[in-house]
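Undergrad: For reference, the chains in residue letters:
Number of protein chains: 2
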Amino acid sequence: MKLKVKLLPQSIKNFIDAFSGLPGIGPRQATRLAFKLVAGGKNKIEELSRAVSELKNLKLCSQCFFIHSNFESLCDICKNPNRRKDIIMIVEKETDVISLERPKKINGRYLVLGELDKAGILESGQKLRLNNLKTFITKELADPSAGSGQGKAEEIIIATNPTTYGDLNASIIAKELTGFAKKITRLGRGIPTGGEIEFADEDTLGAALERRN
Amino acid sequence: MKLKVKLLPQSIKNFIDAFSGLPGIGPRQATRLAFKLVAGGKNKIEELSRAVSELKNLKLCSQCFFIHSNFESLCDICKNPNRRKDIIMIVEKETDVISLERPKKINGRYLVLGELDKAGILESGQKLRLNNLKTFITKELADPSAGSGQGKAEEIIIATNPTTYGDLNASIIAKELTGFAKKITRLGRGIPTGGEIEFADEDTLGAALERRN
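So the sequences go chain by chain: P and G.
Just so you know, we're using the numbering used here here: the first sequence kicks off at 1 and counts up by one.
Just so you know, we're using the numbering used here here: the second sequence kicks off at 1 and counts up by one.
Since the hints were made in silico from the structure, they are not lab data.
Please read all numbers here as calculations on a predicted model, not as lab measurements.
Restraint ranges, calculated between C-beta atoms of paired labels, are given here:
#1 K42(G) to Q10(P): 20 to 26 Å
#2 K6(P) to G40(G): 27 to 33 Å
#3 D117(P) to I191(G): 42 to 48 Å
#4 G195(P) to K6(G): 27 to 33 Å
Don't be surprised by glycine CBs; every beta carbon is placed ideally from N, CA and C.
Sequences and hints are given; from them, build the entire structure.
TA: Here it is as structure tokens:
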């Protein structure tokens, strides 16, 4: 939507410019937000401004690239000695880490790769992150008792979405990591808990049949 | 969505608390936004924080309640001497002012009433705004040559949405303003320009037939 901006004060225009373009926020919603905030009063505006500003203090973990506010360079997961070093889940987004932590099933670590391209091409930043993981595996997981210095992860779980694109990207990542893990796995597929067979689509049912246990 | 917050730094939690609850933003989108902003870097964060903070300088027009950043208490429309004082469009939202200004058809003024309740009840703030308009009409539009001191608007256009709720609210507002205008009108209804008869719903077609010209 092209807004007739002549009527709008400069500070509203600046707000719309700054916020539209963020994920899920277009110019129309940014405009509504601006009016809402102005109506909400100075204290609320101050609170929001501070909430944004304080994000400046966050860092990305030098190992898994998850967000943290620790003084050192590692996040809470990576610096936790009780977490297994040799099980690594590869995810696209930080929010996926939060989701995968919830069931408390895997006591491993993560690599946040960033959202993957639909064409199945890894960006240079993503390649760097994968190389970071390879270095970690080679150095930190090296078994001094074994002859070769090269370490190997026990398991790498490629937790991309169970979609066509997610499958494509998972296979590309798996190829990149060949030789760096004893086992490369993906998340199980089937009918979601609480779901009904009647409403499951054909692919889901097919996966559920293949993976019956 | 209830996020497992233990993993998240306090500043992310504060951001999510502050932003979820704004119109159209839930906790999930607020979380995504936070991660996106952190990934975007300190300069972008600073820019956004400033864009929010600068909304503090905005005021509501003392006459029509539209937003402005003028030193005086009136907005650009209300202080414009070339605008007719005796044609007033009553709208719910500031964005409606922007939309209605675009066709450049009516050189009048506005009253921004705020979003109306679906039950057709005017809030006390909205009643105050209507009373403000009544006072304006009585005083500013008084005709000294006429016997009575009471002024009247030439036309009040009640520009609520053409929905069941909008119609209900329009009739309530019209009742409130009886005697304050020579003519109380609403926006025309019919098939939108560029629309096709085939896809117009029954009510729209009915309105288009009634209002044929």
